[in-house]
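Trainee: Just need the whole structure built from these sequences, with the hints factored in.
There are 2 protein chains.
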Amino acid sequence: MHETNRTEISTLGEFGLIRHLTDTLQSVNASTRYSVGDDCAVLEYPAGKQILVTNDLLMEGIHFDLTYTPMKHLGYKSAMVNLSDVYAMNGMPKQLVVSLALSKRFCVEDMEDFYEGLKLACSAHGVDIVGGDTTSSLTGLAISITCIGEADKDKVVYRHGAKETDLICVSGNLGAAYMGLQLLEREKAVFNQQLRENKGGNPRFEEELSHAQPDFSGKEYLLERQLKPEARRDIIQSLAAENILPTSMIDISDGLSSEILHICSQSKVGCRIYEEHIPLDYQTAVMAEELNLNVTTCALNGGEDYELLFTVPITDHEKVSQMTDVKIIGHITQSSAGCMLICRDGNEFELKAQGWNPLKK
Amino acid sequence: MHETNRTEISTLGEFGLIRHLTDTLQSVNASTRYSVGDDCAVLEYPAGKQILVTNDLLMEGIHFDLTYTPMKHLGYKSAMVNLSDVYAMNGMPKQLVVSLALSKRFCVEDMEDFYEGLKLACSAHGVDIVGGDTTSSLTGLAISITCIGEADKDKVVYRHGAKETDLICVSGNLGAAYMGLQLLEREKAVFNQQLRENKGGNPRFEEELSHAQPDFSGKEYLLERQLKPEARRDIIQSLAAENILPTSMIDISDGLSSEILHICSQSKVGCRIYEEHIPLDYQTAVMAEELNLNVTTCALNGGEDYELLFTVPITDHEKVSQMTDVKIIGHITQSSAGCMLICRDGNEFELKAQGWNPLKK
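Each protein sequence line maps, in turn, to chains A and B.
Read left to right, the first sequence gives residues 6 to 366 (our numbering).
Read left to right, the second sequence gives residues 6 to 366 (our numbering).
These are computed hints drawn from the structure, not numbers from a lab.
Warning: the hint list may mix true and false statements.
Remember, identical chains collapse to one label, so a pair may be satisfied in a single copy or spanning two.
As the list claims (entries may be wrong) - Straight line, CA to CA, 27 Å or less: simulated DSSO-like cross-link-like pairs of lysine-lysine:
1) Lys54 - Lys224
2) Lys357 - Lys109
3) Lys193 - Lys54
4) Lys77 - Lys168
5) Lys158 - Lys54
6) Lys273 - Lys357
7) Lys324 - Lys124
8) Lys124 - Lys273
9) Lys158 - Lys168
10) Lys109 - Lys193
11) Lys357 - Lys224
12) Lys160 - Lys54
13) Lys324 - Lys357
14) Lys324 - Lys109
What you are looking at is a predicted structure, and each value in this text was computed from that prediction instead of being measured.
Mentor: Right, dumping it as structure tokens:
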């Protein structure tokens, strides 16, 4: 956040700020007929396409912490979270409507940074920003993003289509974003502790501390997974190229456990997930060791991975095994067999949704 | 808000609460293909239709005050604000995606009340709730509503189409919602004052005060305009029935001045608005007198009317004059003539956007 060289938002006003942030936007999609500047955005999709709509509301202090999240990264991540929901339906995101509520703490430059991240994400995924509204908030920042996408009528993939014997697949690796969060939270605690210990002490120390950069070397990947997640457009494209239509799909935002339970309950099936097949990155394992955490627990319940979890018919086994960055981690069973984790030692446990649930905190 | 007989939201959890609020929803529109329960809602619109999308983010303490806004009314109004944006494009709203962020102050019963209002608005306007998300907030309530609607491809009306000699029309009457707000704010101030005067005093007085109902008799219309606004579906239907296609349109959320200036700047024209033709309700005039306010100023800058402001070719003069609840208040001029208010005494003033702008507060 900008502490000096601030341009107060009141100097532009609500409409001035929106114009300032959006007047260089250019649409790339034919389905975008009219963008920012009227009561609604106007879209037109070709016949045969179904339209996908999702919205996320992100609140400061709950979904993000600005003490360690740069505004540009926040803009990028806010977009990705929504794009990921459209990919999870086997669709392609096309438009974004962005509403922001901000307190007086924020200045024009903060919003420029936020939009820079937002635009970067949108241009990488071929998405148009078609609505941008700003208003004020008494405390903190609230971000509401609506994403609109398209899919061929017969290609939309729901959570409820998994069938017995289907293979359960996951993209990328799990638990790294959660480890990145632990790392950032640890550094924040250390920083606050040092500040407290120097209370009433040397003002120069405080000055130095505020410029101190914690040493994250060797852990860059974990930070990147937390601060700059990538929605898996590539996986949706690979599935199409391989002519694989998943029977069910969801993105992993609340942890593998929580998401596979959504698929199983909505599909009225059970599952067997094999611990040894859950994909982990080396840095995730090292960091779990360092923090004395069970790495499988982190992968199951960590959340914010934004990887895709999907099921395919067993007849697609060969095709799916050859896909880059996709692992088969288990299979679908009858509902009566329950949702089970098979551990490395052969023990079986019932999967529980301990996922990240801000309302239970 | 429910103070007693509260069911804490944590007893249901995030997913439980969403299910509880949305599991009785039934879709009425053919364009709604899949509603709440997956990563996205799935819609399908017929060829020849354009799709309208709008989002509003409403923040507690900025857009609404829960000391005098019942949750049911808040749900109703939150929907109306968005429906109004779709009508302002000459479209028909079809779907709503609702995201809520709530602090621990709120209980399940509060959310039930909110949804009751939301559903009432939706059923009156033939709209499906297709997405409902809840998350938590550190302070207060944030409401994000996205509305999706449709319009025939050649019937979408923008802000930028007004032409010289077009007639300027407005539905209903203006300034009443603002007067309702003044009334509620005045009663709140009186109540707080009485509480302060009794500080450390009689606990029974406090008890009585909390049940005291202020006397709003004769002013019900003003309160209704503030707490239960109605988006003007009927006007859009009348325009279609009369075969009138406005050249430009906008809904009045920030005050007549601000909105006509949007039309004029985007259409690159000027305007002449006649004070004597601005529609006012009797109660608005009485209340303005009581508060020593200029009623025209209130009508010009009050905001939250959710009436429609539109322009029609002068050839539609006869048709538009016969419309129920529509008044011609002026006409469009060349840009160089400016945007002018012609007062009852013949004086002319340039219109200024002093409208309700929360970022300038």
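Trainee: Within, between, both or neither: how does the pair Lys160, Lys54 come out at a Cα-Cα threshold of 27 Å?
Mentor: both (9 Å within a copy, 22 Å between copies)
Trainee: For the identical chains here, do Lys77 and Lys168 meet the 27 Å Cα criterion within one copy, between copies, both, or neither?
Mentor: Neither. Shortest intra-copy (42 Å) and inter-copy (42 Å) distances fail the 27 Å Cα cut-off.
Trainee: Should Lys124 paired with Lys273 be assigned to within, between, both, or neither, using CA atoms and 27 Å as the limit?
Mentor: Answer is neither; intra-copy 40 Å and inter-copy 29 Å both fail.
Trainee: At most 27 Å between alpha carbons: which applies to Lys324 and Lys109, within, between, both or neither?
Mentor: neither (54 Å within a copy, 49 Å between copies)
Trainee: Up to 27 Å between alpha-carbons, please classify Lys324 paired with Lys357: within, between, both or neither.
Mentor: Neither, since 31 Å and 65 Å both go past 27 Å.
Trainee: When no copy is specified for Lys357 and Lys109, does a C-alpha distance of 27 Å or less occur within a copy, between copies, both, or neither?
Mentor: between (42 Å within a copy, 25 Å between copies)
Trainee: Is it within a copy, between copies, both, or neither that the alpha carbon of Lys158 lies no farther than 27 Å from that of Lys168?
Mentor: Answer is within; shortest intra-copy Cα gap is 21 Å, inter-copy 41 Å.
Trainee: Check Lys324 against Lys124 for me: Cα-Cα at most 27 Å, and say if that holds within a copy, between copies, both or neither.
Mentor: Close neither inside one copy (35 Å) nor across copies (46 Å); limit 27 Å.
Trainee: Check Lys158 against Lys54 for me: Cα-Cα at most 27 Å, and say if that holds within a copy, between copies, both or neither.
Mentor: Close inside one copy (5 Å) and across copies (17 Å); limit 27 Å.
Trainee: Taking 27 Å as the upper bound on the Cα-Cα distance, should Lys54 and Lys224 be classified as within, between, both, or neither?
Mentor: For Lys54 and Lys224, neither the intra-copy (42 Å) nor the inter-copy (51 Å) Cα distance is at most 27 Å.
Trainee: Using 27 Å as the alpha-carbon threshold, which applies to Lys357 and Lys224: within, between, both, or neither?
Mentor: Neither way: Lys357 and Lys224 sit 29 Å apart in one copy and 55 Å across, limit 27 Å.
Trainee: For Lys273 vs Lys357, is the C-alpha pair at or below 27 Å within one copy, between two copies, both, or neither?
Mentor: For Lys273 and Lys357, the Cα distance is within 27 Å only inside one copy (16 Å; across copies 61 Å).
Comparing the model with each numbered hint stated earlier shows that hints 1, 3, 4, 7, 8, 11, 13, 14 do not hold.
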